[in-house]
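Novice: Given the coordinates of chain A, assemble chains B and C onto it according to the supplied hints.
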Amino acid sequence: MPDPFSLGSVANIQTGLRALDIIGTVAFAMSGALLGVRKRFDLFGVLVLGCVTAVGGGAIRDTLTGNTPPLFLRDETYLWLAIAGSLTAFAFGTRLARFERAISLFDTLGLALFTATGALGATKLGLGPLGVSFAGMLSGVGGGIIRDLLAHEVPEVLYRRDQLYATAAAAGALAVYFLQGHLPQLGLQLSGAGVVIVIRFVSRRGWVKLPVRRLPDSSA
Amino acid sequence: MPDPFSLGSVANIQTGLRALDIIGTVAFAMSGALLGVRKRFDLFGVLVLGCVTAVGGGAIRDTLTGNTPPLFLRDETYLWLAIAGSLTAFAFGTRLARFERAISLFDTLGLALFTATGALGATKLGLGPLGVSFAGMLSGVGGGIIRDLLAHEVPEVLYRRDQLYATAAAAGALAVYFLQGHLPQLGLQLSGAGVVIVIRFVSRRGWVKLPVRRLPDSSA
Amino acid sequence: MPDPFSLGSVANIQTGLRALDIIGTVAFAMSGALLGVRKRFDLFGVLVLGCVTAVGGGAIRDTLTGNTPPLFLRDETYLWLAIAGSLTAFAFGTRLARFERAISLFDTLGLALFTATGALGATKLGLGPLGVSFAGMLSGVGGGIIRDLLAHEVPEVLYRRDQLYATAAAAGALAVYFLQGHLPQLGLQLSGAGVVIVIRFVSRRGWVKLPVRRLPDSSA
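For the protein sequence lines, the chains are A, B and C, in the order given. When we follow this note's numbering, the leftmost residue of the first sequence carries the number 193, and every step to the right adds one. When we follow this note's numbering, the leftmost residue of the second sequence carries the number 193, and every step to the right adds one. When we follow this note's numbering, the leftmost residue of the third sequence carries the number 193, and every step to the right adds one.
Treat the hints loosely; a few may be bogus.
30 angstroms max Cα-Cα, derived DSS-like pairs, lysine-lysine [said to hold, decoys possible]:
{"#": "1", "chain 1": "B", "residue 1": "K231", "chain 2": "C", "residue 2": "K316"}
{"#": "2", "chain 1": "C", "residue 1": "K316", "chain 2": "A", "residue 2": "K231"}
{"#": "3", "chain 1": "A", "residue 1": "K231", "chain 2": "B", "residue 2": "K231"}
Quick partial rundown of chain C residues pointing at chain A, CB under 8 angstroms, derived from the structure [unchecked claim]:
{"#": "4", "residue": "L366"}
{"#": "5", "residue": "F370"}
{"#": "6", "residue": "G373"}
{"#": "7", "residue": "L402"}
These aren't lab readings, by the way, just hints derived from the structure by calculation. Please read all numbers here as calculations on a predicted model, not as lab measurements. Where is the CB? At the ideal position from N, CA and C, for every residue including glycine.
With the rest of the complex left out, here is chain A (with noise of 0.2 angstroms):
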């Protein structure tokens, strides 16, 4: 797994970008083999519940931009970063005494990498704001829903009622698409998964919180 502080450093633009890719590729699918350890999959389950945590998100954005076939299938890398990924979840799994907190941090990790690539792509389209954010949005939790649609669990994108999580992707999305021009390729990237994680990160200890609608029968 590369070095994620050595970025700041990286001469190539290019292997900058690449290096984000694959730290959200390791991230999503640790999460998603977690899961798979949490509900007893078999190795082989495992192994797929991460991959497809792991790759779900790219796969949504490159078919909804017509980028066929989707980069996780031109590109070895990813698929077994993901293999890498989902073997250590599984060795180490035991271990990890809070399958929760570990399940989360790469979560959102992921999250934030795969929303800020999502969304400098969909802003290369040409797309406008909210396109840029339904896009970014879209491939961040792309991968983390379809890994709760298999593992039957409910999703957690839309029932957080805690957090902030597919607000934080938007934002960051939205972020993306307001520094492009301002920023290159890579400052854009980390711009927007910074924000990403900064919302993450504040929303999860209770300071900000978005209305529910009170229903007649609960308001009584």
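Specialist: Below, chains B and C alone, put in the same frame as chain A:
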């Protein structure tokens, strides 16, 4: 929101077609957002569920026909309308005494209009009767299926045992297929949507039912 | 339905490939329709579930490879066959004393044939071993996953803990990858499908099992 009753007098066919697409978008957004309110999603969750319901059918239609990036990403109008419809549903949610009925009404309207649009697009690709039926039906029911999957509800499409739902969509799409060449585009779309609405209305009165296969253990 | 046992003598390779695709379509349609009957869907619901199961894997395969509109929309044969298979299952459903076994048998056949077709298509795109495995596996398991999601069942793909399912598909696809260039297309497809069927058969006897990770709280 455009006035649906003025559609008969529109001079420009494209405007008419677009108006129908827009009404379907708002209707499906409200159906999705109301489900989100009922399930106590927060504001952004309601927005996302509304938008995904509104654009899901069109996204499936465009992806299947290779029309990428899908229209809803290229033309910001759709997402703005979906957001407006979702916010309206969020704001007035508590005053809607009967959620079920309101969701169902908007859902039928969205189903009818999206089925017709999808079927029309499929005829332009030169597809046969089954291809047009299936593509039209998927365009019509796709948004609702994605809505139900994300809300972790049993997909209504196949479970409304007392009503015709997907059947109505398939029949409407088939009408578009057989009427092509005999009617202008706007007429085709209105006819297809009309067939869907009539079948839905009739079936909700309980006048029409499809057979259910009895199982050995239940026929004793 | 074509006779699978006459396939060895077909003069025309294309006919052979197509015959396999057709058998897989009918088999998956029956698997989906039988699940619909068991869940007490009405006639049209059974038809839709049968058709979606039958064409789902191919739709995923074609969408991922940019082959739009997907084959099942362009060639009406597939939907006619899916309808015929679904109606047969609906008609004879009550006489099938053991639903589970029948669904499982047809499911294995569909899995094997669709995996092989998907893998073959992926090799033509020049994909690597992981890409071919993943694309083949998705083509094979896609229809069943969509079937289970629509029927609100736990997706069988990852939950059959006592059997190899997705593993069998991935192995069959990998066989297609490594045999390419050594066998003609029909041989490739039959080999890939054969690997899937053998692994499924062996694993159902309980001779092969994959490890499941023990969790701290369950290893006490």
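Novice: Each hint: holds or not?
Specialist: Checked hints:
Restraint check for K231/B and K316/C: not satisfied, since their Cα atoms lie roughly 47 angstroms apart, outside the 30 angstroms limit. Note on K316/C and K231/A: the hinted pairing is violated, with a Cα-Cα distance of about 37 angstroms set against a maximum of 30 angstroms. Among the hinted pairs, K231/A with K231/B is consistent with the structure: their alpha-carbon atoms are about 25 angstroms apart, no more than 30 angstroms. Checking L366/C against chain A: minimum C-beta separation of about 12 angstroms lies over 8 angstroms; hint violated.
Because the closest C-beta pair between F370/C and chain A is about 15 angstroms apart, greater than 8 angstroms, the hint is violated. Contact between G373/C and chain A, as hinted, is not supported at the beta carbon level, the nearest pair being about 19 angstroms apart and thus beyond 8 angstroms. The closest approach between the C-beta of L402/C and any C-beta of chain A is roughly 4 angstroms, which is under the 8 angstroms cut-off, so the hint is satisfied.
The structure shown violates the earlier hints numbered 1, 2, 4, 5 and 6.
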